[in-house]
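Novice: Chain by chain, the residues run as shown.
2 protein chains.
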Amino acid sequence: MTHSNAPSAGSVGPLLVTGTIGIDTVETPSARADRVLGGSAAYFAAAASRLAPVRLVGVVGDDWPAQHRALLEGLHGVDLRGLETRAGGKTFAWGGKYLLNMNERETLFTELGVVADAPPQVPAAFADSGLLFLGNTHPAVQAGLLAQVPRAKLAVADTMDLWINVAHDELVHLLSKVDGIVLNDSEAAHLTGVRNAVSAGRRILGYGPTFAVVKKGEHGAVLVHRDGVAVVPAFPAEESMVVDPTGAGDTFAGGFMAHLARTGRTDFEALQQALSWGTVMASFTISAFSLEGVARATEADLARRYAEFARHARV
Amino acid sequence: MTHSNAPSAGSVGPLLVTGTIGIDTVETPSARADRVLGGSAAYFAAAASRLAPVRLVGVVGDDWPAQHRALLEGLHGVDLRGLETRAGGKTFAWGGKYLLNMNERETLFTELGVVADAPPQVPAAFADSGLLFLGNTHPAVQAGLLAQVPRAKLAVADTMDLWINVAHDELVHLLSKVDGIVLNDSEAAHLTGVRNAVSAGRRILGYGPTFAVVKKGEHGAVLVHRDGVAVVPAFPAEESMVVDPTGAGDTFAGGFMAHLARTGRTDFEALQQALSWGTVMASFTISAFSLEGVARATEADLARRYAEFARHARV
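So the sequences go chain by chain: E and R. The numbers in the working numbering rise by one with no breaks, and the one at position 286 of the first sequence is 286. The numbers in the working numbering rise by one with no breaks, and the one at position 158 of the second sequence is 158.
In case anyone wonders, no lab produced these hints; they're calculated from the structure. Incorrect hints may have been included.
As the list makes no split between identical chains, a pair holds if one copy fits it or if it spans any two.
List of simulated lysine to any residue pairs, SDA-like, C-alpha gap at most 20 angstroms [claimed, not checked]:
1. LYS177 <-> VAL243
2. LYS216 <-> GLU73
3. LYS97 <-> GLN273
4. LYS153 <-> ALA87
5. LYS216 <-> ASN103
6. LYS97 <-> ARG195
7. LYS216 <-> GLU238
8. LYS153 <-> LEU205
9. LYS97 <-> ASP301
10. LYS216 <-> VAL12
11. LYS90 <-> ALA116
12. LYS177 <-> GLU299
13. LYS216 <-> GLU104
14. LYS216 <-> PRO123
Looking at chain E on its own, in the form it has when it is part of the complex (with noise of 0.2 angstroms):
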């Protein structure tokens, strides 16, 4: 799992994410973090580094804190040449209090800041990128970055209801240049107007992209791709193990990406064994405050999590 050990997969090349980094400020019924390192860029990579490097764009506020650039500095195979820091401008910050059933939750707060302003650029240095995760943003700032890394083989944005909304054309062109889409049930309803899952990701597919990841939280996933269907449950927690669902959908996409950089394989089956490890890494995150229960499992831990659940959901 030590991708530095790792035979090289070469085929498909490095693997670039873009997305926010933000100051979270989150609640939960007996517990609460206060300005920890969060966004949708950070988690990923965080997920996405235990498994194959990754390379991170985006933008920050000089407002940033100085332990959470230590902290993103001190993940092992995350590369930071690609993460601006915007002078005079301030960091994304978000707030949220999960309710008592840890499956829904409020935004109390959400400041842009530098995410209002003019996108990051992707480096010279990362052209070269194969693999390419564009985190949750306006879909035309997506295809503006998608259009930085001209050699990816594989380009899978992620989105969210507010673009549904107010940026449904941009979105649908998006859709009709990346090769995957990874969104929640409610998103793919709301796209499509289709509740069922399955069928919401058929009629996606309609719109160009190869494959569509259908995030059902605490009830797992489904892959629906040109190729096949394929159905994951979510690493069965006990209730006394979550104590933070935030993050959750961007390590579940860190650690699904990382496996086919690492593999150097984006066939139906890669993407299927990807779901697992996406599953995995989400379900460290859950057990921790910020990226600290995926940053702080051991390779042995991974393994060892990594077989419970492959026991768990054997069929």
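Based on the hints, put chain R in the right spot on chain E.
Specialist: Relative to chain E, chain R alone:
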């Protein structure tokens, strides 16, 4: 899969189901079925009989349609010696309507009829049954039926919200007598006060049983057992495949129990594999009204669907 040709299991003994035989009227957004054969024992037996012989204990009124009897009698491997026809009684009848998303339903009417009177008796010829499934009814009635099958090596009960509300103590008593319970996620949450399906199942083991199967409908099921946890997604059915979800849970239980009867095993691994057979049977049930889906599937259809499910759900 033809149980007549299957190696004799022997070590657990014959499978017996107790439950309702009903006359169902079902409306869906696109179709309607009037006064068709339904009821938990009918659905269970139709599914179970595809894998192993099954003995049915239930009661109908003398208004029971001859064509319903013919349908049940036409199922290979269902022993109807425990089906009592009560003179002057009315057969249990149920009417329900599915809403547009096929996941929510309204009960339009419930006419208990003979189900409200004295419960059926287990015939002496069935007293040697080794596997017992107690379909949903008052837990005191379930306990009475259990006492009539003294050699049961594995007794499993179904229940519902009504009994959690009005017969909580009797239900807790029943749980101390059975080996397993099968219930919906909302029922498990209601019974235990814990929403997380794994934790709720764990809590239920505290009442005595060796295992709990928490069903999550389109999201699959979780088995919480003293020896481990297993989780299975539902068959990834497209919207167009879902004609009528009625009976899915009962046929899930039928496939689950019949796999144990067929293999003669009741250990954790056998229960885990049994979840997949329950899933396969439920996938046929939802594809047609009444028992038709599970009854008309050929041996080849069953084997093909099982292989397809194993492919979709491989981790």
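Novice: With identical chains, the pair LYS153 and LEU205 could be close in the same copy or across copies; at 20 angstroms between alpha carbons, which is it: within, between, both, or neither?
Specialist: within (18 angstroms within a copy, 50 angstroms between copies)
Novice: Given a CA cutoff of 20 angstroms, do LYS216 and GLU73 count as a within-copy pair, a between-copy pair, both, or neither?
Specialist: Neither: 32 angstroms inside a copy, 42 angstroms across copies.
Novice: Are the CA atoms of LYS97 and ARG195 at most 20 angstroms apart within a copy, between copies, both, or neither?
Specialist: Cα proximity of LYS97 and ARG195: across copies only (18 angstroms, versus 27 angstroms in one copy).
Novice: With identical chains treated as interchangeable, where does the CA-CA distance between LYS153 and ALA87 reach 20 angstroms or less: within a copy, between copies, both, or neither?
Specialist: neither (34 angstroms within a copy, 73 angstroms between copies)
Novice: Could you figure out if LYS177 and GLU299 sit no more than 20 angstroms apart (CA to CA) within one copy, between two copies, both or neither?
Specialist: neither (36 angstroms within a copy, 44 angstroms between copies)
Novice: Could you figure out if LYS90 and ALA116 sit no more than 20 angstroms apart (CA to CA) within one copy, between two copies, both or neither?
Specialist: Intra 10 angstroms, inter 69 angstroms, cutoff 20 angstroms: intra-copy only.
Novice: For the identical chains here, do LYS216 and VAL12 meet the 20 angstroms Cα criterion within one copy, between copies, both, or neither?
Specialist: Classified as neither: same-chain Cα gap 28 angstroms, cross-chain 38 angstroms, threshold 20 angstroms.
Novice: Quick one: LYS216 to ASN103, C-alpha cut-off 20 angstroms, is that within a copy, between copies, both, or neither?
Specialist: This pair counts as both: shortest intra-copy Cα distance 11 angstroms, inter-copy 15 angstroms.
Novice: From the Cα coordinates, with 20 angstroms as the cut-off, is the pair LYS177 and VAL243 best called within, between, both, or neither?
Specialist: Intra 37 angstroms, inter 35 angstroms, cutoff 20 angstroms: neither.
Novice: Can you give me the call for LYS216 and PRO123, within, between, both or neither, at a CA distance of at most 20 angstroms?
Specialist: Close neither inside one copy (34 angstroms) nor across copies (47 angstroms); limit 20 angstroms.
Novice: Is it within, between, both, or neither for LYS97 and ASP301, if the alpha carbons may be no more than 20 angstroms apart?
Specialist: Neither, since 29 angstroms and 48 angstroms both go past 20 angstroms.
Novice: At most 20 angstroms between CA atoms: does that hold for LYS97 and GLN273 within a copy, between copies, both, or neither?
Specialist: This pair counts as neither: shortest intra-copy Cα distance 33 angstroms, inter-copy 39 angstroms.
In summary, the structure is inconsistent with hints 1, 2, 3, 4, 9, 10, 12 and 14 from the numbered list given earlier, while agreeing with the others.
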